[in-house]
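Asks: With the hints as constraints, model all of the structure from the sequences given.
One-letter residues, chain by chain:
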Amino acid sequence: MANKKIKRRNILKAGLGAAAVGSGLLGKVGTVSAGPEEDKIVTSAKRLQPAAMNGMMWSLYWRNYPKLNKEYKKATGSYMAKVNDVPNLLIPQRAMAEAISRSGKFDIFHVESMMIPSLVAAGLAEPLDDYMKQANFDLKMVGNFEKFMQYKGVTYAMPTDGNVCPHFIRKDLFDDPDERKKFADKHGKELKWPVTFEDELEMAKFFHRPEKDLYGFGGLRDKANSSFWFWQYLYAAGGFPISDDAEPQLTTPAAHYAIDTFLALKQVSHPEASAWGSPQMIPRLVGGKIFSCQYWDGIIAKIESPTAKSPTRGKFYYGLVPGSKFSGKLIHRAFSAPVMGIVVNKYSPRKRQAAHWALYMSTLKNSTSVVGHPTMTFHDPWHPGHMNAKSTLDVYTKQGMKAVHDCLQVTTPPPYLTGYHEFKEAVDKNLSEAYNGQKSGKQALQDMQSRWSKIVRKIGKRTIKKEIPYYKGMMPKVNVPS
Amino acid sequence: MAQSVPSQTNDLEKMSSRSSGIRIFKWTLLSPLICLALFLLPVFILQLYFAFHSWTIYLSSWSAAEYVGIELFQEALQDKRFFWAVARSLLFASLSTIGCFVFGLILALLMYRPFRGHGFFYIVFILPMLTVPIVIAYTCDMLLYRAGPINGFLSTIFGTEMRFTWLSNPDFAIFTVVMLEIWNWTPFTFIILIAGLSSIPKEPLEAARILGANRLKIFMEIQLPLLRPVIFLALILRFLEAMAEFPKTWGLLQGGPGSATETIPIYLYLITWQFFDISKAAATSYVVMLIMIFVILFAIRILRKEKQSMDTLYSVRSSGS
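Respectively, the protein sequence lines represent chains B and U.
Quick note, the first sequence lines up with residues 1 to 482 if you use this note's numbering.
Quick note, the second sequence lines up with residues 1001 to 1321 if you use this note's numbering.
Since the hints were made in silico from the structure, they are not lab data.
Among the hints, a few may not be true.
With the Cβ distance kept under 7 Å, some of the chain B side facing chain U (calculated, not the full set) [stated by the list, open to error]:
hint : residue
1    : Gln93
2    : Lys223
3    : Glu272
4    : Ser274
5    : Ala275
6    : Glu422
7    : Ser432
8    : Glu433
Note that the Cβ used here is the ideal one computed from N, Cα and C, for glycine as well.
Replies: In structure tokens form, the structure reads like this:
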């Protein structure tokens, strides 16, 4: 029998071959582990020339994306090379400035979805449905929420932040037996989760103790944010700000109810609330100086995240926002604003690459890693898959996620019309003047109505009329979440 | 005779080279202004176009805008909100100018004569002017809380709990911004007035002292009259700048509470960047420019009169001596 000598050369050859096959397999394993949604997007994106892109996004949002950006670059060669740090409140103006100049300098804008009609009217926003078809990508959002990313049935943005506002109540005070007894003695009924805004006011009055630095209500009442709460009250009362014929409806009984509710809470708010935005209110809420409010769900993460050392961790109940029986039936309406999304610049020479990048960031897997981050909590859940993901449950708690899910089912937008900022400013200014006693609630509504009429005339009644069905289409399909 | 001709020629050459030197110097000084004007000219022309054509960002192209003549100017002049913005701006600018002048003059009077530690105090007094306005806004936002340090300090001084709402009281908010403006820009008037006080000739002051005049009399009857042109210059420059104040007002209050601090710059910002009504903003800007031109022409008239009276005073003194 002849022995076959194992030559060193053969061993080396075999080793090289194994290494070549192995690295190929590892590469494939890397792609496969990204998930099928991501794979399809990457496959579609690979057909395009790789591009280094420019974006506009607030750094507080961008900080969740570098890892995903790097992954995407590795997979496709395209990536966000430079991100201009511009705060949310200023991006609409900057985006419109780019629209005026028809500039293709920025490939994406991370902007509130309420700007979509205006950005489309200005010619800046690129429709995304074709890219979604190419990548076989289906955008899923809770309830009716995906309508917030659409305009006239066309998708124009990929969501990054749900920003719904559930109801918060101080658990320790709510559950305290002495407090419950005192409440029952005073009001002749048990202390329960508020079903209506009237219940909310009653409870807020009971727990309003400024001498102990505890305030009954902590919703925002500054000029920039007042209108979000006003819309909530208006919609819950069965109202709608504009008729099908583009006539403003801001002096209806429902509007009066809304402004009365808005103003009634002044007695249980901090005296400086009219000058306070989130930088002032959030520390008070997280610090336990507020009994109840509707507030952005990101604050749940701020309070409850295991890594956040919040003094009120475990001390809040989160749940469905109060509703109203003003219309004759109980209607709950939460508000989501600003719902942030990635809009692709139509004038950009890299818009196809930018669109694929935006889709990649919005898959379930990738968006879960963004919204479920334990410390960088600016992004809030919006996908049905977020509701049961381990990372989001850890950060927002099971109760918090249930509150988010319930509120997303009944969430509503601010006016989804071209000229949104002007419509909003008309409401904000008059609400602020009424809140500060410069005019009555009735006068505020009349002035809003008059201003809105002028704005509609300026933008064009025909334009606004065409948008109303889509605005109405964004309203929830249910009055009480399942 | 033959020797005087070359000297006359030399004089003529000297004169001609001097006048060409002056010409070159003038053009050198003016050239940056001319370059700036040329750079801004297209912007002005485009803005003029928008002021006579109705265009918003929602129209496809600005060249498709409709010609509306002076309609937008009429709209601006009939706009109640603009009227109130002008009124607030005038109130804000007047109060902050007076405040800056009073405090600037006090500091200038304390500082115009050198003393030990003069340099240190000079730096301390001009620091507010070197602070970025938006930083002032955000810092003061915290300082002016009801339970903040300013109210705490006042409580200590007055021996009673002060819980004043500096920013959320619509009747007082504008005065709060006036106070911040005074703090921020007093150094500007201080610098101008200290230069003016330092340039007053010493002889009249010494003569008055020798003749037994007290400090108040010297100030009222010698220093103040001689300082008048400088005072007017400081007031006018400060007033013009105060009319354009934006960062502190926007950073703190965004024109609120309600519309209590909505001045001209705030309103123009809203029209342009919230309402995206470029045409209305262009027309309103031109109306504001016209108002400011009237103010400047009035100011130039005053300064000319002051200059004439100073020239008369000095010519009388020099002919008298």
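Asks: State for each hint whether it applies.
Replies: Results of checking the hints against the structure:
no. : hint   : verdict
1   : Gln93  : 4 Å, holds
2   : Lys223 : 4 Å, holds
3   : Glu272 : 5 Å, holds
4   : Ser274 : 4 Å, holds
5   : Ala275 : 4 Å, holds
6   : Glu422 : 4 Å, holds
7   : Ser432 : 5 Å, holds
8   : Glu433 : 4 Å, holds
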